[in-house]
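*Asks:* These are the residues of each chain, in order.
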Amino acid sequence: MTGSINRPPQMLEALTHHPPGRPRRPGPRGLQRKTLASWLFLLLGIAYFALPLVGTLIFSLRAKPMLSAWTDMINDPQVWSTLGYSFAIGVVTITVSIVLLVPTAFWVRLRLPRLRPVVEFVTLLPFVVPPIVLVFGLITTFSQPPLPLTGTNFGSDVLLVCAYVILSLPYMYRAVDAGLRTIDIQTLTEACQSLGAGWATILWRVILPNLRVSILSGAFLTLAIVVGEFTIANFLARPMFATYLQQISGNLAYQPAAVALMSFGITWGAMGVIALVGRGNQGRIEIGGAH
Amino acid sequence: MVTTPDARGAPSARRGHRRVPWTFLGVVPFFVFATMFLVIPTSYLVVGSFRDQAGNFTVQNYLDLSRPLTANAYTTSIEISLVTAILGGILGFLLAYAVIAGGLPMPIRTGIMTFSGVASNFAGVPLALAFIFTIGRTGFVTVILKTVLGVDVYGAGFTIYSKLGLEIVYLYFQLPLMVLIIAPAIDGLKKEWREASENAGASTFQYWRFIALPVLMPSLMGSMILLFGNAFGAQATAFALTGGFINLVTILIGGQLSGDVLGNQNLGYALAMGMVAIMAVTILAYSWLARRAERWQR
Numbered sequence: 001m002t003g004s005i006n007r008p009p010q011m012l013e014a015l016t017h018h019p020p021g022r023p024r025r026p027g028p029r030g031l032q033r034k035t036l037a038s039w040l041f042l043l044l045g046i047a048y049f050a051l052p053l054v055g056t057l058i059f060s061l062r063a064k065p066m067l068s069a070w071t072d073m074i075n076d077p078q079v080w081s082t083l084g085y086s087f088a089i090g091v092v093t094i095t096v097s098i099v100l101l102v103p104t105a106f107w108v109r110l111r112l113p114r115l116r117p118v119v120e121f122v123t124l125l126p127f128v129v130p131p132i133v134l135v136f137g138l139i140t141t142f143s144q145p146p147l148p149l150t151g152t153n154f155g156s157d158v159l160l161v162c163a164y165v166i167l168s169l170p171y172m173y174r175a176v177d178a179g180l181r182t183i184d185i186q187t188l189t190e191a192c193q194s195l196g197a198g199w200a201t202i203l204w205r206v207i208l209p210n211l212r213v214s215i216l217s218g219a220f221l222t223l224a225i226v227v228g229e230f231t232i233a234n235f236l237a238r239p240m241f242a243t244y245l246q247q248i249s250g251n252l253a254y255q256p257a258a259v260a261l262m263s264f265g266i267t268w269g270a271m272g273v274i275a276l277v278g279r280g281n282q283g284r285i286e287i288g289g290a291h
Numbered sequence: 001m002v003t004t005p006d007a008r009g010a011p012s013a014r015r016g017h018r019r020v021p022w023t024f025l026g027v028v029p030f031f032v033f034a035t036m037f038l039v040i041p042t043s044y045l046v047v048g049s050f051r052d053q054a055g056n057f058t059v060q061n062y063l064d065l066s067r068p069l070t071a072n073a074y075t076t077s078i079e080i081s082l083v084t085a086i087l088g089g090i091l092g093f094l095l096a097y098a099v100i101a102g103g104l105p106m107p108i109r110t111g112i113m114t115f116s117g118v119a120s121n122f123a124g125v126p127l128a129l130a131f132i133f134t135i136g137r138t139g140f141v142t143v144i145l146k147t148v149l150g151v152d153v154y155g156a157g158f159t160i161y162s163k164l165g166l167e168i169v170y171l172y173f174q175l176p177l178m179v180l181i182i183a184p185a186i187d188g189l190k191k192e193w194r195e196a197s198e199n200a201g202a203s204t205f206q207y208w209r210f211i212a213l214p215v216l217m218p219s220l221m222g223s224m225i226l227l228f229g230n231a232f233g234a235q236a237t238a239f240a241l242t243g244g245f246i247n248l249v250t251i252l253i254g255g256q257l258s259g260d261v262l263g264n265q266n267l268g269y270a271l272a273m274g275m276v277a278i279m280a281v282t283i284l285a286y287s288w289l290a291r292r293a294e295r296w297q298r
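Residue numbers (the numbering used here), protein chains in the order written: chain W, 1 to 291; chain F, 1 to 298.
In short, the hints are calculated from the structure, not lab data. Just so you know, nobody snuck in bad clues.
Below are the EDC-like pairs computed for lysine to aspartate or glutamate, each with C-alpha atoms no more than 20 Å apart in a straight line:
| id | chain 1 | residue 1 | chain 2 | residue 2 |
| --- | --- | --- | --- | --- |
| 1 | F | K191 | F | E294 |
| 2 | F | K163 | F | E79 |
| 3 | W | K34 | F | E195 |
| 4 | W | K34 | F | D187 |
| 5 | W | K34 | F | E192 |
| 6 | W | K34 | F | E198 |
| 7 | F | K163 | F | D152 |
| 8 | F | K190 | F | E294 |
| 9 | W | K64 | W | D76 |
Note that this is a predicted model, so its numbers are computed, not measured.
Same shape as in the complex, but just chain F (with noise of 0.2 Å):
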């Protein structure tokens, strides 16, 4: 049988078929670009994580994380992330919430605002050598603290290349990042729920226990979190620091790229997938929060 084409169907199917790419097409150096050198290399690293040596498929390399090596650079980027984390958040909190509702002159809040933005950028090299220059062995902080007080802090086992000195410097990005991302938050507590709530009798605990806490949260845990997978992605600085010494993700992944330290390719690709995973949960949970926290922004 032979098939009459409509005639009324026939031109307006074509010129359908034809309209759609070229729509698509402005799209499509954006999608090449993003392709090319974003995604086949992640991919590259996906399919090798799944291979043995030999090239078969298998989930050895996963399993195999759990070797004392790569489990303790996740266990130390973990905890030094989630110390920096917390401690960033509370403190980047009080912080903000002091230059914008604790009675500061405004100019303040501007200075503090546009120095956070710096700060939170001042990272890698140039800030582990601040921070070595400052409470190093020979920095001026350990040299007033142990010449005019008397306390020897390297005598007393503290160093800067160890977990705690990495902390304390990842906080010089970590506490200005959280006065960023906080600062819409507070401004969105509402000078009236507080008088509301005087009003009706309550006190600050109450206020804060009841309104303004609750209010946060979404906002705080999702800043905190964020701040959890700044410093778990973060290599440049620990490296600076420690030269490598340390047992993080990012440095046992650098050390891998550059010499296979852990003896085997694939392993290393697993190892950076496992990364991966661990901020892809992160930013999901982020976004989560964030929509919810924004019932409270408008």
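In isolation and in its complexed conformation, chain W is listed as follows (with noise of 0.2 Å):
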């Protein structure tokens, strides 16, 4: 399968070679008005993305004095702690993650190729059930027992996670799947047992390094996920940044806009260090999923 039309080969030839004197190229005419369109379309989309930027920005300099709400949000204890618990939720996620899913991925491509279609439609699951409904789950099912996780800080924050770490299924698996399929585990397993080595020896010192770039961008976008969510954070009750985000733009003029601005700020951040490690294997699209 070429992909190609139904034609000969040699026709095809004819057809794409240029017969000489009769350009039909488009002209400098044609590509000019062809590019201009192009710059005016990628202008506009500029304008578009930036302009909720730029009057966020404007919003958040119009307090008096002029800096305060970038000043008042720097000396807002509560902003730094949210965010630390936040990042503090993301790191246990990501962590959680790759305990379950590196160990797994690996023991489906090495021993039961048969259970990889039953294992990735499990990972592509949190695409049909969304966040609310999944938090809605969750709570009916953990607020009675035989597990009333809902009823404590510890148990809800449990459940928090859990929650992520389902959310972050398809990136990571998919991640991980990746990191998988370019090394060869046949012989990486075969070559670490003949040397003596356990499960947990060859799990940790030779899979795991090798996955290392294809699971930085995982979990990057799973960081950038758990630090933006507000769903699930804000049901579970938990003091997320976003969930503080929310319950200041109630109560303050002009503050939010600057926290608004850094939280754009820390996704920018996350998606930088993907495409800075993404570097060099070109149509790997994250994209990721909680609005």
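Since each chain sits alone in its own frame, please combine them into the complex, following the hints.
*Replies:* Written out as structure tokens, the structure reads:
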């Protein structure tokens, strides 16, 4: 399957060959018009995407004295405590996710290839169950015996992390699986075993280091999602960064503008790391999902 | 009659019997986790949606979804998702095409792709706030329109807290998502096809009508369907923007979760299940179209 037009190859060649003296390519004029239209479209796009950010920046500077929205933010201990909490939840989520998914993806590729469609299906389920439905189900299930997790702060934290691990399944599993595809796990495993390594050693000292790059992109996407996530955090009443921003947007005037911009900066930072890490393998797309 | 164990068969059978569970043990943690935190909670809602308040089996909850409040939530959600999927799809495609195949310098392409990654993830509370600061009643675009151009959009009845306002906000993550997922399809359009069609005397219109669009169609449709699901499942942005005063399915589920606004827990479960059903159809349609689109991307 070459996926080309259904003609004999020599005919296709004749079609793509330009007869001398009859240039059919778009002339300089046509090319210019196309490029001009592209530039125009690009500028319109940039304007639409820049305007809300500019609007937020202007709004944050309307406070008197001028930079007080920013100094208030910097001096607000709760901004930093909620941000720290969100990052901590993010790091725990990523750790649990790695501990859960790396052995699973490794084992499925090594020993249970027939199970792959099943595991992949499960990792895609979070696309079908939106966060609001997930948290609805979680609260319904875990607010009663045998596991009344919502009753305590620690229980709610556990539930929050587990919900985020579920939310990150599609991205993390894909990242890990893509990484495993690029290394010869069969040979590596046999080599390790012939040297007397156990499964834990193989995973920790051989497989995991080889997956570093691909895991990193999944991890930073997860971090960006967790730090910005609102729906689940809100219903579990956790002091996350996004819920705090929502809370102050109701009763503070200008500071929320500064915090919103910082939130954008964090997303930008996480995506920047992904772009840096993923240099060289273009075509990989990272699509998030907590809106 | 006493059966004597087959001397050759028994050991291998026993070994095979023991080996199977050991191999499967490796994936047990994953399935236990997914069952506990995804399958059981969802099943809880499924079971509850088929029960009345006394605990008997019923399909009444699903019939009750046609009541004004819930039916209206579905139509509003679907309308907003459709509008932003189609608009975001078309505009996102045009932007992606301009950047990839429009003769713009390469760094611009890289920049736009990275930014699309950021913007498609920039949603929820900060996004809603950014738009309130921009096209809210005292937002700077609103003020500029009024003072410089003399256009009073709020006087004309526009408000950001409406369906239209929400659609404008949703486009902020819909459009870049389209750019990200349609880019590989645009890359898949071979230069040779264009050249071949031009050499055969085809006009630009004919090239698009008979070659480019048919090739792109599965990708375009699939991407827009994914955008539909993306908007349909969104809750945070709408909640932060309207404070819960717009009647979307996600907002209504949220209201049900925090205060039983429907006055019937089981109806709430059915509401959530209706949403899962729509998402499932969306994802199935997307993966079917994505498989069709792959044919052209080798």
